[in-house]
Structure formats: C-alpha cells, structure tokens
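Now for the letters of each chain:
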Amino acid sequence: MTEELQQIVLWLIPAAPLLAAIITALLGPKLLRYKSHLPCWSALAVSFVCSLILLLKILPSVEQAATPVKGEVAIAQSAAGPQVMASGFEWFSVGSLHADIELRADSITAIMLTMVTGVSLLVAVFGSGYMSHDPGYPRFFAAVSLFVFSMCMLVLSGSFILLFVFWEAVGLCSYLLIGFWFQKPSAAAAAKKAFVVNRIGDFGLIMGIFLIWTTTFQIPGSDVLFRPFQSLNFVDVLGNTELIKVVALQNPGRIPLICFCLFLGAMGKSAQFPLQVWLPDAMEGPTPVSALIHAATMVTAGVYLVARCTPLFVMAPYAQMAVSGIGAATAAIAALTALTQTDLKRVLAYSTVSQLGFMFMALGCGAAGAELVTPAVTAGMFHLFTHAFFKALLFLAAGSVMHAMGDVIDMRRFSGLKHALPITHWTFLVGAAALAGVPLLAGFWSKDDILAVLKEASHSQEHGLYFGVIRAIAIGTAFLTAFYTFRAYFMTFWGPERYPEEAGHHPHEATPIMAWPLRTLAVCAAGIGLIVGPTHLFGDYLQKTMGLTPELEHHLHWSVMFMSSVIALAGIGFAWMFYVASPAIPASIARAMRPLYLISQGKFFLDEIFTGMIVLPLRGIAILATLVDKYLIDGIVDTVGKVPKSLSIIPRQLHGGVVSSYAGVMWVGVVAAVVLVLTMF
Amino acid sequence: MIALLFISLSIPAATAMLLMLFRSSLNQSSARWVACCGSVAALLFSGLLLVQYRAHVVDPLESGVTPLASSVDPASAIQPLVEYREPWLKTGERMQLEMYFGLDGISVTMIALTTLLTVCSVLISWEAIQDRASEFYAALLILETGLIGVFCSFDLVLFYVFFEMTLIPLFFMIAIWGGPERKWAAIKFFLYTLAGSLVTLSGLIYVVVYTSNAGLTNPTSLPALSAWLATRPLPEAMQMTLFLAVAAGFLIKVPVFPFHTWLPLAHVEAPTAGSVLLAGVLLKLGSYGFLRICLPLFPAACLELGLPIIGLLSVIGIIYGSLCALAQRDIKKLVAYSSVAHLGFCMLGLFALNTEGITGSVLQMINHGLSTGALFIIVGMIYERYHTRMMDDLGGLASKLPMIACSMVFISMSSIGLPGLNGFIGEFLSLAGMFKANPLYAALGTTGVVLGAWYLLTAVQRVFFGTLKEPHHAGHGDDEITDMNPREFLALAPLMVMCLWIGVSPAGLIRIIEPDIKAVAGLFENQDEISNVEVVQNNSNVQNNNTAISIP
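Order-wise, the sequence lines are chains F and C.
Position 448 (the first sequence) corresponds to 452 in our numbering; numbering is contiguous.
Position 55 (the second sequence) corresponds to 140 in our numbering; numbering is contiguous.
So here's chain F without its partners, still in its complex pose (with noise of 0.2 Å):
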C-alpha cells in the first residue's frame, strides 16, 4: 500500500463521522429527519473498515517495511515500534509550543480504533431502533457521530495537546448526550454534573502537559539548561527512555508529578474514586448513549492515557501504586454499591466503574518490577478491549428491557422476562456470564491475565505485601461481580412474570434492527476472549507500541484460572441462591447487617459528602464573595467617591448665597487689606 493511500486511510477514519455528524446537524432536523441514521451508519461502516485496514494491513506491512529504514518516508522503527503518521496542518505555533494537526497511529491506536468503530457502529444500528420515535432522532444520530470522531481523534493523536482537545470534545459529546431529553431536570443536571467533575479531571491533565512541557535539565558540569522533550509530542517525550531516566536521576520529584497529574485527568475520565460520581448519573442519557459512550469507549480514555505513558509512570513507581490503589479501591466501592442498587442501568454503571477500576489495578502493577511493566498494561489493555464487548451488549440489552418495559427499568417492578424477551434473554445472559468471569467467555480470560499480575506482583520484594493486599480486594471484588450481575440477571429474567403498567399488556420484543447488534456482540461477548488472549495475538499485537518490550515466553496461569473460575460459579451460585432458589434471603441479610446495607444503597453517600464538602461551602463562599463585593469593596468605591463631595462642606457654606454671609466675608477682607496697608508702612 503506498504512503499516500495509507494516509488517506488514516484520515477517513476519522473524518468519515466528521462528515456524517456536519451533514446530520445541517441536514437532519429539515430533510433527513427519520433517516437521519444513513449518513451516521454509512460513516461508522467507512471507519470500521479503514480501522480493519490499519489494523491487519498497514500496521504489519509498516512493521516488515521499517528494518531498513531509508528516505523521507513516514514511518519511524526502533523505540517508537511500527507507527504511521499522516500529517494535517499546522494548528498553532507559539513560542515553544508546537501544536500540529496530525495523525498518528501505532498497535495500541489501532486496537483501540478497531474496538471504537466496531462497537459504535453496532450501537448506532441499534440506536436507530431504539430511538425510532424521539422527535430529536436527528440530533441524536449527529452528537454519536460526533462523538465517534472525537473519540478517534483522541486516540490517533500523536501529541499530548492533540490529545488534551480531544479528550475535552469526547467530554462535550458526553454532555450533549447525557442531557439529550433535556426537557428532565435530573438529565440536564447529570450533564452538567459530567462536565464539571471532567473539569476538575481535566485540570490535572492540562497541569501534567505544562510540566512535561516545562520540564528542563541541567548537563551535569555546565549551566546550560535544556530542555529533554523537544515538543510535546508522544514520540518526543514518550519515546527516549533513557532520557527519561535522565531527567528522573537528576529531578527526582518530577516525573512522579507529571504522573499524578496525568492520572487526575484519567480519574476524571475514566471515572475512578472519588470522580466517579457522574458516571452513574450519565445514566439519565439514552441507553445506546450508555452502551457506547458511558461503557465501551471514552470512559476507558483514562485507561488509555495511562496506558499510553506507560514510559513515564515506569520511572514513577510510587504513581504506579497510586493508580493500583485508586483503581482498587474504585473497583471494591462501585461494586458493593451494585449490590443493593434496584435501577439495572445503575448496576451496569457501578459494574462498568468498577471494571475500570480493575484495568487500573493493572495498570499499576509495573511498579512492583520492571519486568511486570508490559503484562500489566497487556492486562489492563485486553481486559479495556473485552469488556467494551460485553459490557456494550449488557447496556443494550438492559436497553431493549427498557424498551420492552415503557421506560422502566427498576428491577423491582418487573421479573420473569425470559419467556417474553427470548433474545434479550439470552444474550443479556452471554454478556453477564462473560462479565462474571465464566470460564471461555471473554471477560474471563482477560480478569485472569489481570489477577496473575496481580499476583506475580504480591510475590515482588518491595511492594509484595501492598499489591497482596490490592490482590485480595481484585479477588473479592471478582466474587462480587458476578454476584451482583447474576442478582440483575435473575431479579430481571427470572421468577413469576410481571411487567409495569406502562409497558401494556405484551412486552415487545426487540426489533430485528436491535436484535443483530444484540447478537453480533453477543457472538464477541463469548468468543472473542477465546480467539485473541489465550493465543496472545492480542498480547503481542499490543507490545509492539511504544514503551513496551515484547515478551518472548507465554504461559498460561492454570492455577489462576482455576480459582477465578471457581469464584464466578460460586458468585453466580449465591446470586441463584439468594434470588431464585430462597429468594427471602436477601431481605433477611438486609435486616440483619442494616447500616451495611444503607451504606451500599446510598453509594457510599458519596454525592451527599461532595454536595457537603465542596459544592455548598462553595457556593457558600460565591455567596459571601457577592456580599463582600457589594459592601466591602463597592462600599471602599463610593467612600472614596464622597470624598471630594466631603470636602467642599467648608467651600460650600462659604458660597452658600446669602448675601450677609458674602458681606461679613468682604468686611473681613476689607478690614484685613487695610490692616495689611497700614503694617506695610
């Protein structure tokens, strides 16, 4: 393939939705009304088969063509591993900082775009079903189209400010999605609540890239300082190691600190304790909008980023156990949350902040070794990539429940769906199995390869007894999962049939236009695990990119694999225990440890200690800062403003217009010149 078409290729991905989501926003609301989905799905499909493209063509002939590297041509071997580039135009130029308009794709990119398109596509398919009769179908079809080219963009970018853009429009597609039926108060509030929680993300992102930005050394000896990153772009900063190494030996402090600012944004994003308060409001947004946005794809832009500067968090290792920490501590909160919830949309958002949680767990592994660094961020990476499969497919089929329901999706108020919504059954069941863990389905593969890091990790010198202890809380959590997805899947399918009022008399079963997407990711759900991670076409696809080191001997952690087997059944066994077979059980338990059960039920009271200790003290003192504005610095204002007013009194009653007043004044002058006269003689 020449350089030329591969650019071409490189940039249809992206601009493919771009188009669809400019001709959707002009076109849509006036003449492309109800089929406002054509342009949206024609794109989708464009970028799906250029991603393919990347991915199984470019990508290995860039591979094979780098050996010798020869002329001009775009494509840069040795630590920056196989990559191509497609250049654009010059965005902004100032001073030091370089900002291009470019492409840049390498293994990790073209995964990550393969998983994008694919599941966006699919959602989009069956969002046309699902959104059939909303009179805002148009704008719905623009913003995912939008949003699919932004989240491309993010992940082509080869430069932290390209990125940094990207990452702040998946945000705005977020926003405009969440709020889509901005007619309820509680979605327009969950938008704005998605935003400014971002924000507060963003902000470390924004402080990460200024210090690798700013980021000088000093030639030992000498006084001359230079600076070690010569742009900010990934390849620049991300792809000399040693120099890295450099600047960590001599400024210890530093890389630590870009590292944990990098990592706030991907908190942010990535929803991990305590930012993950928006994702489960995100919930208020159009389910297809859950599935794509709020489960597959931007929600892992965190995992991504870290993932990607996998070079810096490397000379960091105490950042490294921060993201194991954090995500630890993410994946056993959102989990035990999901056990009590009744919303089934909120407990695949809990398990979704949770999931997360557990690829950050990975991802931070490398600190307990450097040989751990790539099969953590494989791990992490591969667990990113199923679960955007199977956890799109739950979100879906909670969706076609939601559908069949009249928008009800309190689990509470409906059971023993299984014999009216056969499909949604069945592959609601795949997804939830592969999320459980269920030995061959695809969540189990990649929970396993994250628990063996886990525990090689435990089994380190230096940090073993953290990352044991982190290995625990993964262990527990697993059991958990499948727990509370089998306690969704039995409360919604199983047991004496009920459906709500407004669902009518017949529930509907999805329409054939939701029942393929619903099938094909089931298909991924269950096989896709099997086909890439055993065989480590995936793990060695992966470390091609940059900064990781391919691994040359495989194993299979048998004993891992059993245990994490033996887990999910037994989740899945009390989840039947509890909601089929005895279903008093859980009422009982309830009762029994009640503060427990609040606790989990009021998600930790999280929302309520952020209302109590940021947002109303904050508004409190926005409401102070209007009284001091007005009294205390208004009020110096006018004070100061009477001062010349002030001081005419005296003038004043001199000219006060009376004309014995002006007489006794002249009588006074009179007598003084005189008196002044006579003294002069």
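Treat the hints as calculated values from the structure; they're not laboratory data.
From the three backbone atoms N, C-alpha and C, an ideal C-beta is built for every residue, glycine too.
Heads up, a few of these hints could be off.
[Claimed, not checked] Straight-line C-alpha distance at most 20 Å; calculated SDA-like pairs for lysine to any residue:
1) F:649 / C:269
2) C:485 / C:553
3) F:548 / F:67
4) F:188 / C:280
5) F:188 / C:484
6) C:554 / F:190
7) F:649 / C:484
8) C:485 / F:29
9) F:646 / C:112
10) F:188 / C:552
11) F:634 / C:275
12) F:646 / C:552
13) C:485 / F:140
14) F:649 / C:280
15) F:634 / C:343
16) F:34 / C:568
17) F:422 / F:516
18) F:249 / F:224
19) C:603 / F:185
20) C:268 / F:643
21) C:554 / F:187
22) F:34 / C:567
23) C:485 / F:189
24) F:188 / C:553
25) C:485 / F:185
26) F:634 / C:552
27) C:485 / F:187
28) F:34 / F:184
29) F:188 / C:275
30) F:34 / C:484
31) C:268 / F:638
[To be verified] Covered stretches of chain F, as calculated for chain C (at least 3 residues, CB under 8 Å):
32) 160-173
33) 187-199
34) 368-382
35) 633-645
[Stated by the list, open to error] Chain C residues, not near chain F, derived (Cβ > 10 Å throughout):
36) 125
37) 126
38) 294
39) 330
40) 484
Given chain F's structure and the hints, the job is docking chain C onto it.
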C-alpha cells in the same frame, strides 16, 4: 493601506455626524438603516484592511505583494508596519509633537473586531431602541470611532485623546437608554474610569517631559519612546512609580480585581449594544494599554511589580470573578462577572511576559470580545422576549427557543474554553505562559477553568433546560414569543462563525500578530531564546551521548 485605515476611521464618524445633523428628520427606521449602512461599510473596509495587511505580512511572496518593512528603529518594541506621521505641534526648543497613526498586527485585528461588534450592536438594537434612535446610533458610531482611533494611534497624545473619547458616548448610552439605575451606573462608570485615567495621564506627562529633557525630540511617539528607552532605561525606582501611575487607569479599565465594581453595574444598566461594545472592546483598551505602554516603556517594573502583583490580582480576579458569577441570579450580571474572570486570564498571560503568554493574552482579548459579545446578545434576546433576566423566572426555554438555546450552548462552550472553539487557545496559551513564569499562579488560574464550566453550564441548565417556565405575562397580546428571527441570526452568526474559525485554525491569526508580540516579548526573554537555541543544537548530542553524561 493607510488610506483604508482613514476610511475605516472616518466612515463611522461621518455617519454619526449625519445622524446628528438630521436627527429631527430621521425616524427610528431610517436612522437604523443609516447606522447599519455606515457600520457595515466600516466593517468592509476594515476587513479589507485586515486581508491586505495579512497578505503583506504573512506570505507576501505568495500573494505577489511587496513585504512591508518597518521604518522604526529596530530597538523599539513597537513596530508599526504602516504609518502616517504628520508634524503637529512644536513646543519648546527641541520638542516636536507629531500625529502618528499606524498599524501593526495587533491593532489591525482589534480594529476588525471593533467594526464587527459594532455591526452586531446596530442589528441587536434594531427593535430595542425606540426613542431618540438617531442619537443612539450616533453615540454608538462615535464610540466605534474612538475605539478604532485608540487602536491605530501610535503617539501618546492621540492615544489618550481617543482613549477618553470612548467614555463620553458610552456614558450617554448608559445614562439615556439604560435600565432603571442608569444614571447612577453611568456616573459611576464615567467618574471611576476617568479618575483612573487621569492618574495615567499624569504618569504619561512625566515620561514625556523627562525624556524630552533628556534629549528625545519626539517624546510622544510610542515607537521612538520605546526605542529610546531600550538603550537608556529609566532608573528603576522611577520606573516603578511611573508603572503604577500609568497602570492605574488601565487596571480600572480592564478591570483587574479589586477595581472591577463599576463593571457589573454598568453592564446591567447598559442597553445590549452598550454591553456588547463595553465588554467586547472597551475593556480591552486596558489590557491593550498595558501591552502598548507599560510593557515597552517600563520593562524592569513589569518584571519587578507586574508579574508578582498584577499576576496575583489576576489570579484572584479569576477565582473571585467566577465565584461571584456562580452566585448571581441575574444572568446579565453573571456574564459581567464572567468578564472579570476572563480578563483575569488575559492579564495573567500578559504579565507572564513571554511569547506564549502575551500571544495568549492578545488572543484572549479577541476571543473574549467575540464570545462575551455573543453572550450579551443572547441575554438581550431573552430580555427582549420576557422582560426579565432573572434565572429564577425562566426555565426550559430550549423547547420553545431551540435556535437561541443551541447558540447559547455553543457560545458557552466557546466561553469556557472548549478546544476547537476560540476560547481555548487564548486561555491555554495564557496559562502556559504563566506556567513558565510562575507555576503556582498558573495552577490557581486553571481552577478558573473548572469554575467557569460550573457557573456557565449552571446558567444554561437553569434557563434553557428542564421544564418550560416563563414569566406569567409573557406571550400575551400581540407579542407572541418566537425563536430567533433573521435579523438576530445575522447579528449572532458572524460571531459564532468567527469562534469556530479561530478555534479550528488559529494559526492564521497568530501569524498576523506574531511579529509584534515577538518585539514586545523580546524585551523580557532574550536569555530564554538563547537557551532554546542551545536545545536544538544540543539535543542530538545528548541523545547520542547519553552514556557520556555522568549523573551525580
């Protein structure tokens, strides 16, 4: 090109004169058409000016024109590429005052911004101004003249004359066509800013007299003054005093915390057009004054006082302004306080005193003009429909006014610095520049980005989202509430297009202002430049000789 400048400057003045002369025979409808034609003509000419200037400066060979070269002493930090100088007054033995009109990249873009916002202001006053329309538009156009005049003046006398000239028309606009508290607001605005600029004047007079005594023949010419002071800097103590004196007027004009209290009052009382021009351009006279006068003439004082003190005040302004905005219930007041915060970013970038920061600052001036101008226009549209600006009285308007709601979301995103729209680039560069100079200030300033999203999206949520809520009296009788009409669309659309354009491709704009900013920033960052050069040369060595570097 200088002819184009004079045409752009004189069209509004001539139109204003026309409107005043025939004010008795012009009714509301004809007056607004005359004003519209005049402002559009000024916009066209200034647009042409911008295009021509760009062709001469950015890629002259491609456009087939001769590149412009500055005739100013290269030591000067102010390098107008187009100039018109006319001896004016000869006082004393050596002192030669001259009238010095000129153009550089910054002024040419600011002029274009002014004329664009004036057209929008005329369009938005179309129905809102019923009585004494002729006088209103005359005032508006005189204001435009004054603003253009400031941006093309390169001598202190002209600068100051135009600077003060802008006060009078705006005073009348607030005092006559304003809200219920208009008199008090107008007087406060006028006296407060005038008091400040008189202190500035005293500082300027001192500089002129001092340099004239020391042998400078044309001490009012800014380029000459700057070049002269570059080789013979004022004593440091004197710089400090003069810096503070000159800064007084500009600090109030910007306004920098704590000199901002006239602003919310003036905004709330001013008619929409007044608010648009006040926020859009008039406030920038302050930051422009810092850029043109304080930075080139008192560089040592800027480093000594500007960075620590004005930097700190800007940071406070960003956070404080955002918090005040958060607590407002009147949406126009909210936008007014947001201006305080946004201009905090502008000043933060300016007093970073490096290329990135100053570029960010100039871009922020333009961007704030566009997005806050547009915000005031939207607030005006809501007020015209519902006669209230209280957020408690409104809600869910998006279902009734979808176009206005879309524009509001768009402009809010631009205002809170979403990348891809204009606001981001100015904020990002300002903060980046400040991060280089003082990371703590930059970090504190960046919290304003979070707060900005909070207060503006809260306002959007309260006014446009949720269930529909309108004041009781709305929609009765013959004034049915309708969405944006074509005239309002014409007023808003250009601003939105510019927001998107600058956001997507700021490089074109940056290239126009780049040489001027380099000239100013060169006063402060010479050494920095050198080490940057070293980087380029050293890098290859370092990469190759990693092993050779011994780490202690």
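Structure-based check of each hint:
1. The hinted pair formed by residue 649 (chain F) and residue 269 (chain C) meets the criterion: a straight-line CA distance of about 16 Å does not exceed 20 Å.
2. Pair hint residue 485 (chain C) plus residue 553 (chain C) holds up; C-alpha atoms about 8 Å apart against a cutoff of 20 Å.
3. Taking the CA atoms of residue 548 (chain F) and residue 67 (chain F), the gap is near 9 Å; set against the 20 Å cutoff, the hint holds.
4. Between residue 188 (chain F) and residue 280 (chain C) the CA atoms are separated by roughly 50 Å; this puts the pair beyond 20 Å, and the hint is violated.
5. Distance restraint check for residue 188 (chain F) and residue 484 (chain C): the Cα-Cα separation of roughly 11 Å lies within the 20 Å cut-off, and the hinted pair is therefore satisfied.
6. Annotation: proposed proximity of residue 554 (chain C) to residue 190 (chain F) holds, straight-line Cα distance about 16 Å (limit 20 Å).
7. The hinted pair formed by residue 649 (chain F) and residue 484 (chain C) fails the criterion: a straight-line CA distance of about 53 Å is larger than 20 Å.
8. Note on residue 485 (chain C) and residue 29 (chain F): the hinted pairing holds, with a Cα-Cα distance of about 19 Å set against a maximum of 20 Å.
9. A hinted pair counts as satisfied when its Cα atoms are at most 20 Å apart, and residue 646 (chain F) with residue 112 (chain C) does not qualify at roughly 41 Å.
10. A hinted pair counts as satisfied when its Cα atoms are at most 20 Å apart, and residue 188 (chain F) with residue 552 (chain C) qualifies at roughly 7 Å.
11. Of the supplied pair hints, the one linking residue 634 (chain F) and residue 275 (chain C) holds, its CA atoms being roughly 19 Å apart against a limit of 20 Å.
12. Between residue 646 (chain F) and residue 552 (chain C) the CA atoms are separated by roughly 47 Å; this puts the pair beyond 20 Å, and the hint is violated.
13. This hinted pair checks out: residue 485 (chain C) and residue 140 (chain F) have alpha carbons roughly 14 Å apart, not beyond 20 Å.
14. With a CA separation close to 15 Å, the supplied pair residue 649 (chain F) and residue 280 (chain C) stays within the 20 Å bound.
15. Note on residue 634 (chain F) and residue 343 (chain C): the hinted pairing holds, with a Cα-Cα distance of about 12 Å set against a maximum of 20 Å.
16. For the hint pairing residue 34 (chain F) with residue 568 (chain C), the CA-to-CA distance comes to about 16 Å; that is within 20 Å, so the pair holds.
17. Between residue 422 (chain F) and residue 516 (chain F) the CA atoms are separated by roughly 18 Å; this keeps the pair inside 20 Å, and the hint holds.
18. This hinted pair checks out: residue 249 (chain F) and residue 224 (chain F) have alpha carbons roughly 15 Å apart, not beyond 20 Å.
19. Between residue 603 (chain C) and residue 185 (chain F) the CA atoms are separated by roughly 49 Å; this puts the pair beyond 20 Å, and the hint is violated.
20. For the hint pairing residue 268 (chain C) with residue 643 (chain F), the CA-to-CA distance comes to about 18 Å; that is within 20 Å, so the pair holds.
21. Distance restraint check for residue 554 (chain C) and residue 187 (chain F): the Cα-Cα separation of roughly 11 Å lies within the 20 Å cut-off, and the hinted pair is therefore satisfied.
22. Straight-line distance between C-alpha atoms of residue 34 (chain F) and residue 567 (chain C) comes to about 18 Å, which keeps the hinted pair within the 20 Å bound.
23. For a cut-off of 20 Å, the pair hint linking residue 485 (chain C) to residue 189 (chain F) stands: about 16 Å separates their Cα positions.
24. Of the supplied pair hints, the one linking residue 188 (chain F) and residue 553 (chain C) holds, its CA atoms being roughly 10 Å apart against a limit of 20 Å.
25. In summary, the hint linking residue 485 (chain C) to residue 185 (chain F) is supported, as the alpha carbons are separated by about 14 Å, within the 20 Å threshold.
26. Simply put, residue 634 (chain F) and residue 552 (chain C) have alpha-carbon atoms about 33 Å apart, too far for the 20 Å limit, and the pair is violated.
27. With a C-alpha separation of about 11 Å, the suggested pair residue 485 (chain C) and residue 187 (chain F) falls inside the 20 Å cut-off, and the hint holds.
28. Proximity of residue 34 (chain F) to residue 184 (chain F) is assessed by CA-CA distance (about 19 Å); at most 20 Å being required, the pair is judged to hold.
29. In summary, the hint linking residue 188 (chain F) to residue 275 (chain C) is not supported, as the alpha carbons are separated by about 45 Å, beyond the 20 Å threshold.
30. Only pairs whose Cα atoms come within 20 Å are accepted, and residue 34 (chain F) paired with residue 484 (chain C) is accepted, the gap being roughly 17 Å.
31. Between residue 268 (chain C) and residue 638 (chain F) the alpha-carbon distance is near 17 Å, which keeps this suggested pair within the 20 Å criterion.
32. Counting residues of the segment 160-173 of chain F whose CB lies closer than 8 Å to any CB of chain C gives 5, which reaches the minimum of 3, so the coverage claim holds.
33. Counting residues of the segment 187-199 of chain F whose C-beta lies closer than 8 Å to any C-beta of chain C gives 9; at least three are required, and the coverage claim holds.
34. Only when three residues or more bring their CB closer than 8 Å to a CB of chain C does the claim for the segment 368-382 of chain F stand; here the count is 0, and the claim is violated.
35. For the segment 633-645 of chain F, the proposed coverage by chain C is satisfied: 5 residues have a C-beta within less than 8 Å of a C-beta in that chain, meeting the threshold of three.
36. Listed as a non-interface residue, residue 125 (chain C) keeps its Cβ farther than 10 Å from every Cβ of chain F; the least gap is roughly 26 Å.
37. The claim that residue 126 (chain C) is not at the interface with chain F holds, since no C-beta of that chain comes within 10 Å of its own (minimum 31 Å).
38. Residue 294 (chain C), annotated as away from the interface, keeps every beta carbon of chain F farther than 10 Å; the closest lies near 27 Å.
39. Remark: the non-interface label on residue 330 (chain C) is consistent with the geometry, its nearest Cβ contact in chain F lying 17 Å away (cut-off 10 Å).
40. Taking the minimum C-beta to C-beta distance to chain F, about 6 Å, the non-interface status of residue 484 (chain C) is violated against the 10 Å cut.
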